[in-house]
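Colleague: Heads up: the sequence lines are chains A and B, in that order.
The numbers in this note's numbering rise by one with no breaks, and the one at position 187 of the first sequence is 524.
The numbers in this note's numbering rise by one with no breaks, and the one at position 40 of the second sequence is 1476.
Errors might be hidden in some of the hints.
[Unchecked claim] No more than 27 Å apart at the CA atoms, straight line, and that leaves these computed lysine-lysine pairs for DSS-like:
1) LYS655(A) - LYS464(A)
2) LYS640(A) - LYS1441(B)
3) LYS645(A) - LYS739(A)
4) LYS1464(B) - LYS1482(B)
5) LYS739(A) - LYS1482(B)
6) LYS345(A) - LYS640(A)
7) LYS1439(B) - LYS1482(B)
8) LYS655(A) - LYS1464(B)
9) LYS345(A) - LYS521(A)
10) LYS345(A) - LYS645(A)
11) LYS481(A) - LYS345(A)
12) LYS739(A) - LYS1441(B)
Just so you know, these hints were derived from the structure itself, not from any lab.
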Amino acid sequence: MALDGNEKREFKVIGQRVNRPDGIDKVTGKALFGADLTAPGMLTGRILRSPHAHARIVSIDTSAALAMPGVKAVVTNADLAEPQDDFFRDIKDNVLARDKALYDGHAVAAVAATSRSAARAAIRAIKVEYEQLPHVTDVDDAMKADAPVVQAGRADESVPAGSSPNVTSHFEFGHGDLEAGFAKADTILERSFKTAATHQGYIEPHACLATLGHDGRGELWCCTQGQYNVRTICSQVCGIEATQLRVTASEIGGGFGGKTTCFIEPVALALARKSGKPVKIVMSREEVFRASGPTVSSSSDVKIGMTKDGRITAAQAKLRYQGGAFPCGTVEFGAQAAFAAYDLDAVQTLGWNVLTNRPKEVAYRAPGAPMAIYAVESVVDELCQELGLDPLDVRLKNAARKGTLASYGPTFNDIGLVATLEAAKAHPHYGAPLGENQGRGLSCGFWFNFGGNTCVSLNINHDGTVGVVEGNPDIGGSRASISMMAAEELGIGYDKVRTVITDTNSLGFNDVTDGSRVTFAVGLATIEAARAAIREMCKRAAQIWGIDAEAVVWEDGAAKPSGPNAGDHPPMTLAEIAAVMDNTGGPIAGHHEVNADGAGVSFGVHLVDTEVDTETGATKILRYTVFQDAGKAIHPDYVEGQMQGGAVQGIGWALNEEYIYGEDGRLQNAGFLDYRVPVASDLPEIETVILEIPNPGHPYGVRGVGETPIVPPLAALSNAVSRAANVRMHELPMSPPRLLKAMSER
Amino acid sequence: MVKVKLWGSLRDLAEGQDVVDVDARNFKQLLDQLELQYPALSPQIKRGVSLALDGVIYREAWFTPISEDNEIVLMPYMVGG
């Protein structure tokens, strides 16, 4: 996006570590999350879920449940609308199954009752007759010709003839002559990998409160990464005009991509419509695991050729992702990202999206990239080990840079990979000594980022304070960074600005808080809204002084006369202009609406030291450092938090987290006791190094930082553990039993 | 005429070509022409695509001007978490 010379590189507020605006509310319990709202006459909603991995629903008898005391409504798929679009129909058939239960935990029916106990009893009273069907939960099994068919007829035109009916789409990217490239290699390695499905692991379960009156007007309060997206989905799935459904996003207790769709909101609205009462649904943790989206699990093959001096001559990856019982669009991003860090003459990535009898996959920070880059970076590391080469020098030798033809098609502009690698090489961590059973791992990571649809309104108050209204739930500190950008542009203190996140009927459409887009796109819109307000304030000052508006400039939070004929007038501050705005033309506000592009891609490098316990197979994280290009860190605490959070989630993904299915296709570990995320005592301080290579697509140079940090940890950990244990690992998680087994077989 | 680079799995839907010539001065014209010249690409275009213009990825923006001097790459519609 051309900025017409509006770039700003000298800052007063940007880069400071100001107090977070949501801190007091959160530590005092004042913040209202999804489950915190109640309404008069509110009913409790509860969902009946399939106990089978795959079963035809022969009949649902709700009569006994409806006759029970306190039960006000029962709904099934038949109570929802009929969206024409596959995307919305799949969401509908996921929130309440149509004719088949497609996975363990798939919602089948729902009740609304006057108490939780009545709702529980009513759920037990619903009689569902199932005809069990063969199931498949493993991606490789699902691709076999004789695999149980999860959903027939879902393959798009990209799927080669003869593929399993469970393959829904196929992708290929790359360039160059692979055969000639591999012929130039001194060593070629080909390895196969598997990664388990992992959950985003947000602390706050999905929760919502819905009303939908007989007049067709609805109100929905829910925890989500995008209230406008919820409105769009619910409008389609429940048959409500958009303007009649006002959606307000609650405070959010984590999302990481997992709250970019709907699981319970259409059900709550359907129950509210049927009962005529407000209905609240709160998922249990077990329901969150069984029926809200984990990420994909993967199976992959990677082949890389390298010369003795570390030049990659050719590279190929074959990626197979299962995204649960509905078509997903994830492998294409893994296939595009797999070799993005490398400057390659010959590269090819192939990907297949596959159906299984598992819950519908949902985005998880940089969807699809971590598992692809895990496989690629593992093979690069093994090649370095085999050829006796320094893994960081090999990355530098092959690093993508400005002018590189990216493996996914375009030619790179200014990117920060080389600078990030050089920062890692220069860091004391890289040269620090290691002890017995210890190993160091390294991985590059990449994500695209995007901008998207964004509206911001910025209002000048009479007392000289400023209100910013935006429409993206704050999942990573955006209220602080947006206030900071407004303050910077207006030339006032951060404490004079308050940013609020509004509902769907109070501001134009905003895309979901995802794609690492908010600091970039909402920030860009905020800056432009502030500039619009400044233009108006300069005009008001010019009126007061009786000079042309063109003869007024804005400096240090005040209008100043400028130019030979402007006259000698003392500056008027924002507060002074605001105080008399009723007399000079009325309210002063700026707003900006944009579908922002130019987000700029992002690279990161992670370094980790691990120690392996040879008796138990347990892995201890000794040291971890994250290097990432943030373009410009608006609030460094939050940027570091994103980098640290991604590393920690990646540590869990690499070492312990996995969806474990039994032979019966049922999830065996639907709770945090058996699905082990890292806790503070598992972790060292995660060190961070922020690089700032300005993104030309943003006035302050911002790049999104929210997703890239989840990408490198899988391979960094695998490489560190493989070196520490002296056995190359090819499957995640590297849980103690799996690592112990690998060590015993070496 | 602008040259549009397709991703590999679209090749079979565009008469075996990795790069196709299209008479277009903006993204909308480009997508319209692609559908007209290669109807088999239509389902993918309708599902959503992004376009990279000289390395900068655009998700939407029909009226972004393009010329024969630009590098134009068709990409899957960008999503995130």
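Colleague: Take the hints in turn and mark each one as holding or not.
Modeller: Right, here's what the structure says about each hint:
At most 27 Å may separate the alpha-carbon atoms for a hinted pair to count; LYS655(A) and LYS464(A) exceed this at roughly 45 Å. For a cut-off of 27 Å, the pair hint linking LYS640(A) to LYS1441(B) stands: about 25 Å separates their Cα positions. Distance check on the hinted pair: LYS645(A) and LYS739(A) sit about 26 Å apart at the alpha-carbon level, within 27 Å; holds. Annotation: proposed proximity of LYS1464(B) to LYS1482(B) holds, straight-line Cα distance about 12 Å (limit 27 Å).
With a C-alpha separation of about 32 Å, the suggested pairing of LYS739(A) with LYS1482(B) is violated against the 27 Å cut-off. Between LYS345(A) and LYS640(A) the CA atoms are separated by roughly 45 Å; this puts the pair beyond 27 Å, and the hint is violated. The suggested pairing of LYS1439(B) with LYS1482(B) holds, with an alpha-carbon distance near 21 Å, which does not exceed 27 Å. Simply put, LYS655(A) and LYS1464(B) have alpha-carbon atoms about 33 Å apart, too far for the 27 Å limit, and the pair is violated.
Between LYS345(A) and LYS521(A) the alpha-carbon distance is near 47 Å, which puts this suggested pair outside the 27 Å criterion. Pair hint LYS345(A) plus LYS645(A) does not hold up; C-alpha atoms about 46 Å apart against a cutoff of 27 Å. For the proposed pair LYS481(A) and LYS345(A), the alpha carbon gap of about 56 Å is over 27 Å, so the pair is violated. Under the criterion of a C-alpha separation no larger than 27 Å, the hint pairing LYS739(A) with LYS1441(B) is consistent with the structure, at around 19 Å.
Hints 1, 5, 6, 8, 9, 10 and 11, counting from the list given before, are not met by this structure.
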